[in-house]
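There are 4 protein chains.
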Amino acid sequence: MTHKIAILGASGYTGAELVRLIAQHPNLEIVALSAERKAGMTMAQVFPHLRHMTLPSLCKISEIDFSEVDLCFCALPHKTSQEVIRDLPKSLKIVDLSADFRLRDAAEYEKWYGNSHAALEQQGEAVYGLTEFYREDIRNARLVAGTGCNAATGQFVLRPLIAAGVIDLDNIILDLICAVSGAGRSLKENLLHAELSEGYNAYAVGGTHRHLGEFDQEFSKIAGRPVQVQFTPHLVPANRGILATTYVRGDAQEIYDALCAAYADEPFIEMLPFGEAPSTHHVRGSNFCHIGVTADRIAGRAIVIGALDNLTKGSSGQALQNANLMLGEPETQGLMMAPLFP
Amino acid sequence: MTHKIAILGASGYTGAELVRLIAQHPNLEIVALSAERKAGMTMAQVFPHLRHMTLPSLCKISEIDFSEVDLCFCALPHKTSQEVIRDLPKSLKIVDLSADFRLRDAAEYEKWYGNSHAALEQQGEAVYGLTEFYREDIRNARLVAGTGCNAATGQFVLRPLIAAGVIDLDNIILDLICAVSGAGRSLKENLLHAELSEGYNAYAVGGTHRHLGEFDQEFSKIAGRPVQVQFTPHLVPANRGILATTYVRGDAQEIYDALCAAYADEPFIEMLPFGEAPSTHHVRGSNFCHIGVTADRIAGRAIVIGALDNLTKGSSGQALQNANLMLGEPETQGLMMAPLFP
Amino acid sequence: MTHKIAILGASGYTGAELVRLIAQHPNLEIVALSAERKAGMTMAQVFPHLRHMTLPSLCKISEIDFSEVDLCFCALPHKTSQEVIRDLPKSLKIVDLSADFRLRDAAEYEKWYGNSHAALEQQGEAVYGLTEFYREDIRNARLVAGTGCNAATGQFVLRPLIAAGVIDLDNIILDLICAVSGAGRSLKENLLHAELSEGYNAYAVGGTHRHLGEFDQEFSKIAGRPVQVQFTPHLVPANRGILATTYVRGDAQEIYDALCAAYADEPFIEMLPFGEAPSTHHVRGSNFCHIGVTADRIAGRAIVIGALDNLTKGSSGQALQNANLMLGEPETQGLMMAPLFP
Amino acid sequence: MTHKIAILGASGYTGAELVRLIAQHPNLEIVALSAERKAGMTMAQVFPHLRHMTLPSLCKISEIDFSEVDLCFCALPHKTSQEVIRDLPKSLKIVDLSADFRLRDAAEYEKWYGNSHAALEQQGEAVYGLTEFYREDIRNARLVAGTGCNAATGQFVLRPLIAAGVIDLDNIILDLICAVSGAGRSLKENLLHAELSEGYNAYAVGGTHRHLGEFDQEFSKIAGRPVQVQFTPHLVPANRGILATTYVRGDAQEIYDALCAAYADEPFIEMLPFGEAPSTHHVRGSNFCHIGVTADRIAGRAIVIGALDNLTKGSSGQALQNANLMLGEPETQGLMMAPLFP
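Residue numbers (the numbering used here), protein chains in the order written: chain A, 21 to 362; chain B, 21 to 362; chain C, 21 to 362; chain D, 21 to 362.
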């Protein structure tokens, strides 16, 4: 059975990544691709790497007949997404890749994003899209909110540890190294090749990155009490990848065992042998997440490191994984491609 | 029906790329992976990006039971390959990725490679593996010699023009820009990140690159008289991709028409609109080749540019395409994945 | 004696590069830095790598007292530059880094740049700034027009060959590989790290690049008859560098000798041993240009390759070299720093 | 007055960097360059970027007449260095860039480096080369031990905080991002462009990196009691740069004030405005170190970040700074060049 798919915001990186992934999926058919400012263009003009595919031309959202769509991916900018989704048919299955429906609490949303939410009804309805932890809810959801890519990486590393009670909740540091595609196709000086290549820096230092809203929400929920982590993202000259180096307190072996237990049956989460560290080189272009645990020389401390591809497992791959659940497809359908190395 | 596959030389880049591609193929099963110096190790230890796959451990060639193998890919170094293939079962289907069986003439082989050929019988039997031009021969071949990656790119651009008689045969310049994975996993100073990134240079300048042996052989055969091209490869800081900028004399529109006619039914060769230039960005990780034609401001001259991924269409993808033909599989099986961008 | 220097357009890459170079110059003092849209900001805010220097804050051009300026570098965008320079004091020494005064013929200017020239008087007065070939004119000039960076590279390779009559004037191909800083700090999708890194392509194919105007003007002048070259620039993932691979017809040894003779006394042009090819790796951040000559396997053809740093020798370094001449300073003052490698 | 300089181990990156820096120094003359395996070659053959300089050819150490040398830089591999220095004239001024004389305690040396020290006498004599903190000792030293590049970066950030007593000594995390030139010119698979570019990973996780020996020694000495930090280095695709993101506990403003006070008169240490984060982009190729302090959202915690160029301030620039002191030259001589950006 073929499911009819629309992608809103198809001229950005996550939109293009969705098309790349769906190209490998036997049961999904793309029937509509929107991009307001590029409406009328072909996908090959906007993304020449998709030239070989037969795809609908880009259109405006208003031109889409949603009655013929089984599931709609929204890869629109934050804030725009909530306004668009608010006005879509109430019965349409939606996987949103923006930040708009990740936070359940309207006040928290406003605190981190600076504006009041324009689609409170849908916000209440949305299911948080971290598949491995919300699988059953997602299966029955109408609207799934894709997680932040940094937020996904940090949670893969930390959720099982908080749930198992094997780490000190007041001493968690999440030090992330992020590739540039996470910033999207936006035109900013610091994203130019000439300014980004050959150097690196931290940004949003001190606890100002918006993905902290997700960490606070999810970690506190699991712990049953407020949990705040320290979180510093760094931008390095690479296109895909997030590496989360996490400093925690607890017994390294217990930590490792908790992660192994949590992910024993997960098709996309790979636990490395104890003492090994993962690399973003080994997940590029794939839906896999690699996790490693090492004991520190200081007793009672451990370093847990996770690696994934921000555009795939961190965003569009996660979105397709969720869509598979929502459509009754096998969860891994279209997602088992091996990473690209070198 | 499942075909049993062995890969000799699985610890190099083309070996790993074969595994990546075969992972997407529904009817191939890898039963043996060899790597003499790394025998005993798992593939995950040598290539952690393949960690999620269930694969045989690396072994020595002597440990493989070839009676259980339907087709063998040889991704061994030049010169080693001929010695190994000479001693393999005479009935075994083989796709060789080395340079050892590309040149039909033993003297030409010795001229370009500096040693006498150790497997003359197999050299006589081998079919040149440029699928789009030797398709029927490959279908019936036992031993197929994969082309050089530069040689493939140059031929995709030039063969139809020579065949159609639309260019001056004495004024052909092939200016190539190559990514570093074409040099393999060899440990040389100029391949270190610190030495390669941020700069670029020509090498093998003046007609000394070995792939000229293939150009001479193939172009002269098509033309029915000796043809010599000028060929300058350049090494730039990127991992995958070959861009062939070809300077030819002839009518640009006739040139374009000849290419369009030649590739009208080819699944992997994409002709760009007249006047557009391809980019290696748009073929990365895929089996596609993009070709563009532009008229020069000087009448009677044209620039024809081709782009492909050296590890896929230039090497392991071509090898799988050929194996599909030899095994009676659909030619595109396992090869239609979209490029990775960004 | 200290010369007082103003830099107009100090918020771009060539402006910053001028500051970097002048920092090493014992006799130049920067008294004014303009940037219309960033007026009021400090240089450290715009270019934190210059944080350690004591520099005037950015201002508007209208705020500069030019009576206190000995020499003014104009690093403004094309077209803006001519309008600004037209209205500057008629006695002020100026080195312009834009394209506005490179072409002597107003019709040629309009043909390549698409607009009529707004400062015809100054256009007539300007001296072409390729130091090695216009040294005496520059010494006495009031207004010097810095060359295009590609144009400089191609001319270093070809001018002595045309002048010496050792190459066929109707068969010259200039195949260039360019780094991205040549495109300036402009915000375009194809200049983003995510879109540029890991791939490459030709652009302005077929004879449409504006620097052809300079090639046509200069080569025809030397030859005493019209000369048209073929010129294809390529953009690769690197920040600094131009590599000009030039295909010419003539005797390689005569070509080499002509270049060695022309550059025997030049402090910044380095001839490599015959048969060696230069690399942009070896000129990065310096004012040097490396040139190599190789004979092709086809008799009567040669490949001549030049390499320089587009921001230094191709632009701001050339500008300072010219300013030194105009101010009576030693020509190499502030410019002998070694390249940065790795 | 001209000082005569020898560089042992001139075929590595730190050797080449010394030559680059000395090229700008008015009072140093290079009289000998050694490289055992490349003896007889010219520097231009080994490092073509130094082609324009007049330099002695590479020789064996045994060929150097040290009676004509005023100061000798040793840029030899660890372990080799101690054996060579042991046998050099006892009166020769030496700046060693290896790890061999950094640790004062022979047992600590053996613990971290795995072999017993072969030059105990010199080990006892050596002065630790972190200029800003050992300036007077260095001025009078015969043998100075250059610090580790990671060790330098971490100490610039942390020493003043430990000395001022403004941070909790039991909660210090040093998370470093390092460029690849720190690994030297060694031929290892993970340093190849194809393996390093486009991805990143942590290494020596859990407290096994040898530079911890320096941190332990120095921090414990300042604190007057044992201090152990957590330290995780990461390798990213860039050639120069170390970014130290340090997580500490204390009042951010007090921390900032302590750093500002410590570095108020330092020519090479730049404090950023409170709340700003430095970038390795802005120190490339220079001897500067940029430091920024930010308060975390969790009260009582701060993030202190330092950035420098590992080959310059982290190694060869530091070495020249020390040599200046030992030779009675101004400390900043030859070292004030601005960073290269972009």
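No lab work stands behind these hints: they were computed from the structure. Among the hints, erroneous ones may be present.
Derived, one-sided and incomplete: chain C residues facing chain B with beta-carbon distance under 7 Å [said to hold, decoys possible]:
id : residue
1  : 43
2  : 144
3  : 145
4  : 250
5  : 253
6  : 325
A virtual CB, placed ideally from N, CA and C, is assigned to each residue, including glycine.
A quick look at each hint next to the structure:
no.: 1; hint: 43; verdict: violated, 22 Å
no.: 2; hint: 144; verdict: violated, 27 Å
no.: 3; hint: 145; verdict: violated, 30 Å
no.: 4; hint: 250; verdict: holds, 6 Å
no.: 5; hint: 253; verdict: violated, 10 Å
no.: 6; hint: 325; verdict: holds, 6 Å
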